[in-house]
Amino acid sequence: MWRRIKAIFSINGISRRMRAAFLSIILILIFAGATSLLELERVSHDTELILMASKNNVDIAREMASALSDQNDAIIYMAVVGDTSRRFRIDAESSIARLKTASDEAFKLMADTEYHGLADSLSMHSQNLNTLAQDYLDGNVHKRIEQEKLIDTIPNKLTIGSWYVNEYKAEHKNLSKQISKYMTGSQSTLGPEVNRLSHTARRAVTPVFISLLVMFVVVLMLYFFLKRLYIKPMLRINRNVDDYITYKVPFDDSIECHDEIKELRDNISTLITKSHK
Amino acid sequence: MRIHVVIRYIGMMLILLASFMLASAGVSILNNYDSALYPLLLSSFVTMILGLFPLIFVDSSDEIKTKEGYAIVVGSWLVACIVGMFPYLIWGGEFTVINAWFESVSGFTTTGSSILNDIEALPRGLLFWRQSTTWIGGIGVVMFALVVLPSIGRSRQLLYNVELSTIAKDNFHYRSHDIMRILIFVYVGLTVITTILLKLSGMCWFDAATHAMSACGTSGFSTKNSSVAFFDNPTIELVMMGAMAISGIHFGILYATITGRRNNIFRSEVVRAYVGMMLIATFIIATSLFSEEIYSSFGEALRHASFQVVSLTTTSGFATANTNLWTPLAIILLVFCSIVCGCAGSTSGGMKVDRLLLATKVIRNRIHLQQHPNAVISTKTDGMVQGDNVLNLVMTFIVAYLLLALVGAVVYAMFGCDLMTSFTASIACISNVGPGFGEIGSMDNYSQLPAILRLNSTLLMLIGRLEIFGFIQLFFLRSWH
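Protein chains in written order, with our numbering: chain Y, 1264 to 1540; chain B, 50 to 530.
Source of the hints: derived by calculation from the structure; they are not laboratory data. A portion of the hints provided could be inaccurate.
[Said to hold, decoys possible] Selected chain B positions facing chain Y (Cβ under 10 Å, derived; list incomplete): (1) 51; (2) 53; (3) 95; (4) 101; (5) 106; (6) 127; (7) 469.
Here a beta-carbon is modelled for each residue, glycine too, at the ideal position from N, C-alpha and C.
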């Protein structure tokens, strides 16, 4: 059984051996190339994921900041300047919706991370600010002002200006802080992805490095085998033939060699023997 | 020396390793294509190419010289350790180059010490490869190749002579051709039986197989962070103790016992000394632990003492207790067991009971000779007279072993280890035991040691596994005529 298997896989002759050796080298080259391609693909995929996540975080933060600014502008125009045109009302209402959507999205992204506390407070402050703005739009602030006017015992009565400064602006400030915290915090949530990328990058380099190392060893072996099994015996045969021709030194037919070089040695030896006869 | 012939045989050993990597990849596939599949397949491919390449140019050689035999054996161990790193390196995690080298050397030399802080984080495929290295290393990398690869032909005898411990050959009363078959028969049989028994004791198939491989290879690699203590199961401990103790006996004697021959374990002086040493050490340690109230009952003290004694004597290194907390008497006895270790011709490392037995007889005879200068005294083991050459070898080995342990300890101390850690780490590495005491106790690992000491440990493991002189010969191959 073993002999049969051996016969199938046995390689004889210089030509076949060379072909097999170069095929092995080509195989390793293809393998190293394919591995690096595959790994680079993986690194690029992971990098893309991180960049997308980072871009998404920046977009959410920008949307929240923009909605906050629009809402603030609309409230200032309506409450402080006293411009009651419909345009500002529409702006305020749309900014409330935008702020809610963006903060909900931010909450979803951070709820399962170690920064969930930040997500909670961001959501709470945006909800508070939206409630204040909605209260103003619904006329509840004006109702409170009217009610307080009727009660004599209240020392500092609510005005639209004081509502803006003490209630709305204060919450606006809190939410601004939370948004800036979110901008840094959301980047930190990418930590695991960054770690994964560094792991993937390392994994991308190691197999390629190992394949190249193996290829280097294989090439060294090829050089060694060629020199030891073919070149050296050939040089010795040549020198021996030279010696025979020049000095009639008997040809050494015990030179260790293989394949066609062995045949060459034997043929030369036979030729010399025949020429003697 | 015909280097191309040496490379050919090392290549054949690499093919064997590549097939084990493939088998581990199979385990990965069975475990839902875990993350080890890719590293194992890649490693298998490059190892296979490395192994096959020399076969393209070098035809099988029926005769190899002793010098070439040494180069093949030592070269195979070194190359196996290097190639064994590939799956670890590609997988990543805690495996830096030095850590992967440490884990690979520790596996092949069956030392069983680790640098991993979280073994359970490893995927099953990689864990199986880790255990495979210890299993291959247990019987000897070249020995394994000799049995598995049929084309080696007449070269077997020489390679087996070089690979097998000098002292172990005397106890084999078989033809060299049969010895390898016997070794594999006993080794595989023991592993299969242990796996089944561990499964019946409550382990899952994977844990049972991997622990059986490790116990029969007397390595001590576990798939759990807290080693065998994780299972906290006396039946499992009993099965493991049995497997380790049997693996510490000369395989030829085990085969003789199974086949009903005369030179069996019941008649062997060495086995009696080996079992006696373990029994005495267990009893003294258990009594010491119970009297110092480390364990509340004598039964519990006996359970832990017996497991640790068997584990360290057989150079396995599995743990069920933190031996750092034990009494000084217990620690000294365990260190003694780590130095003496199992029988020659087994999978265990260390000085070997055979050598200790012969050394004590030489000392006894020396005293006797001083009293009766004209007496003719011969030194015998199992009724066989041992020649001066064997006795000289034994004494030289013991001296070399102790000197090496001392030098190793000095190196550990030079890089800041305390006395206990330095001394026991050196002993644990040369004897291929694994755990020592102090910073590298039974519940700790080698990860806290600096890189230079991890490298030093691997060097000691290799020297110990190649029985000191085998390794040293490698550097004198040019001057060897």
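Right, here's what the structure says about each hint:
no.	hint	verdict
1	51	holds, 9 Å
2	53	holds, 6 Å
3	95	holds, 5 Å
4	101	holds, 7 Å
5	106	holds, 4 Å
6	127	violated, 13 Å
7	469	violated, 36 Å
When the structure is compared with the earlier hints, violations turn up for hints 6, 7 and for no others.
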